[in-house]
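If you want the building blocks of each chain, they are given just below.
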Amino acid sequence: MNFKRQVAVVTGGATGIGRAIALKLAEKGASVMIADINENAAAQTADEAREISGNSSSFVTDVTDLEACDALVNGTVEELGPADFLINNAGIAGSAGWQTRSHSTEDDWKRTYQVNVIGMTNVTSAFRAQMTKRRSGRIVNLASIAGREGRPSLPHYSASKAAVISLTQSTALELARFNITVNAICPGLLWTPMWEQVGDRYANANPAFKGMNPRQVFDTMIADNIPMKTEQTPEDVADAVAFLLSEDSKNITGQSLNVDGGFFMR
Amino acid sequence: MDFETKTSIVTGGARGIGRGIALELARRGSNVIIADMDEESAKGVVAEIKAGGTQSYYCETDVTQQWSTDDMVEATLEAFGQLDVLVNNAGVGGAEGFKTRKNPSVDDWQSTFDVNVFGIVNSTQSVENYMVERGYGKIVNISSTAGRAGRPGFASYAASKAAAINVSQAWAFKLAEHGINVNTVCPGLIWTPLWENIAEWRQFTHAQNAGLTPRQIFQQTVSELVPLGREQTVEDVGKAVAFLASERAKSITGQALNVDGGIRQN
Chain A
1 MNFKRQVAVV TGGATGIGRA IALKLAEKGA SVMIADINEN AAAQTADEAR EISGNSSSFV
61 TDVTDLEACD ALVNGTVEEL GPADFLINNA GIAGSAGWQT RSHSTEDDWK RTYQVNVIGM
121 TNVTSAFRAQ MTKRRSGRIV NLASIAGREG RPSLPHYSAS KAAVISLTQS TALELARFNI
181 TVNAICPGLL WTPMWEQVGD RYANANPAFK GMNPRQVFDT MIADNIPMKT EQTPEDVADA
241 VAFLLSEDSK NITGQSLNVD GGFFMR
Chain B
267 MDFETKTSIV TGGARGIGRG IALELARRGS NVIIADMDEE SAKGVVAEIK AGGTQSYYCE
327 TDVTQQWSTD DMVEATLEAF GQLDVLVNNA GVGGAEGFKT RKNPSVDDWQ STFDVNVFGI
387 VNSTQSVENY MVERGYGKIV NISSTAGRAG RPGFASYAAS KAAAINVSQA WAFKLAEHGI
447 NVNTVCPGLI WTPLWENIAE WRQFTHAQNA GLTPRQIFQQ TVSELVPLGR EQTVEDVGKA
507 VAFLASERAK SITGQALNVD GGIRQN
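Chains A and B, in that order, are what the protein sequence lines are. Just so you know, this note's numbering puts 84 at position 84 of the first sequence, and the rest follows in order with no gaps. Just so you know, this note's numbering puts 457 at position 191 of the second sequence, and the rest follows in order with no gaps.
What the hints contain is simulated information worked out from the structure, not anything from laboratory work. Hints may contain errors.
Quick list of in silico lysine-lysine cross-link-like pairs, BS3-like style, CA-CA up to 25 Å [to be verified]:
no.	chain 1	residue 1	chain 2	residue 2
1	B	Lys309	A	Lys229
2	B	Lys516	A	Lys28
3	A	Lys4	A	Lys250
4	A	Lys210	A	Lys4
5	A	Lys250	B	Lys516
6	B	Lys440	A	Lys229
7	A	Lys250	A	Lys229
8	A	Lys133	A	Lys250
9	A	Lys28	A	Lys210
10	A	Lys133	A	Lys110
11	B	Lys440	B	Lys516
Model the full structure from these sequences, guided by the hints.
Here you go:
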């Protein structure tokens, strides 16, 4: 797998899973644009990526703002060239303070949908014209196993990720005739800054986890739900993303692939 | 290379998709046992693999017989001292003469289940103790997009391929905690000897296909069904199998991945 001279845009690429994806693509030679709302962290990850692949950059992007997404397209062209790969990774789990609440508020629903679903369509729409014109492109969306089945603990997050799986299928069918593939990855349980907060929320909201610290909640979830009995890593997700971006998967589209140690088998 | 010093078995590796898988694994460094009943074709693949620089043997195998798959595993361990990857690819479209029957006969049902389902069960049972003891192993089963939804006419084949997905999940669960990954690939439309038979069956059973050559029927089906607008290839399947059998997919198990240009979304 060789991504030399390929340009990849990773939204939410500054930290967590997005950062791991960005660095993996840089390792394979890609020029990576780190699009993130967090300017300093984005610049730092771009520095790391640049050290690996020789050419990478960052761009402050609020995916909920369509104009900002258009600016990202232009900024990417100017700094690195037209995008070959788009990785829609930016996502949140609720509006401010969600991890301390036991129930979802209207703001949690709105904000989560705004970023995870509408944000994804914004970025995809912004890159659409360029990719269809070039008759090539690869898009990988980050969904979640939370999107595979409804659960009471974070209903707004689960629903938004189910929407991402559906959106992936719609976009795949729409863009197939332009030789553009669109797939999703559903990560399982990964110890990221987001999951640390999820652990807080579960301890607050679910009696089964009362009194546990986030890591204990996480470990319990793995023992109870993951047939392989191990946590997944950002590296695992990045490897799967790299496969779906490569020529090896040129005839795979519209699929959502669980990287979850067997948590969900569908 | 993902498979340097590794040993793989590919059942039904003499022709079609199995041949594509065997050559892809070999290209990535694996020694490959071609487990098949068609000695002449198998020996051709063995020669191709050897010319590429890795080792290969033909092993006469009837996957419908447990004693035969036991022998297959024993012969592999004798030849190479280890077994890392099992690809359960052997499959049939029906019993002898299925392409001349409008609806599947009892024999067609029996034959597709004997090979396409029990073949996976037998081979998996023959390797599982060895893999569990070693705490390592990769199993990839070949199903079909036909297994994703029931259709009249070719019902026996579709049902057997649905069962293959289900069987894969059962073993994925069972073997997960032993460090063994079990996944499935569902190929779409690929021009193989099997598809040639399917096209001949359609010539006979579908009035609108009468007068077309098998290849024309295939191409028409591709243009009607495949969103990406092109046929899939045995190489595509080989590459997906290689990914799922590699350490890059170590946290992926129990999944069925469609390699079908978007025919069926999952």
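Enumerated hints in conflict with the structure, sorted upward: Going through the list in order, the structure violates hints 1, 4, 7, 9 and 10 and respects the others.
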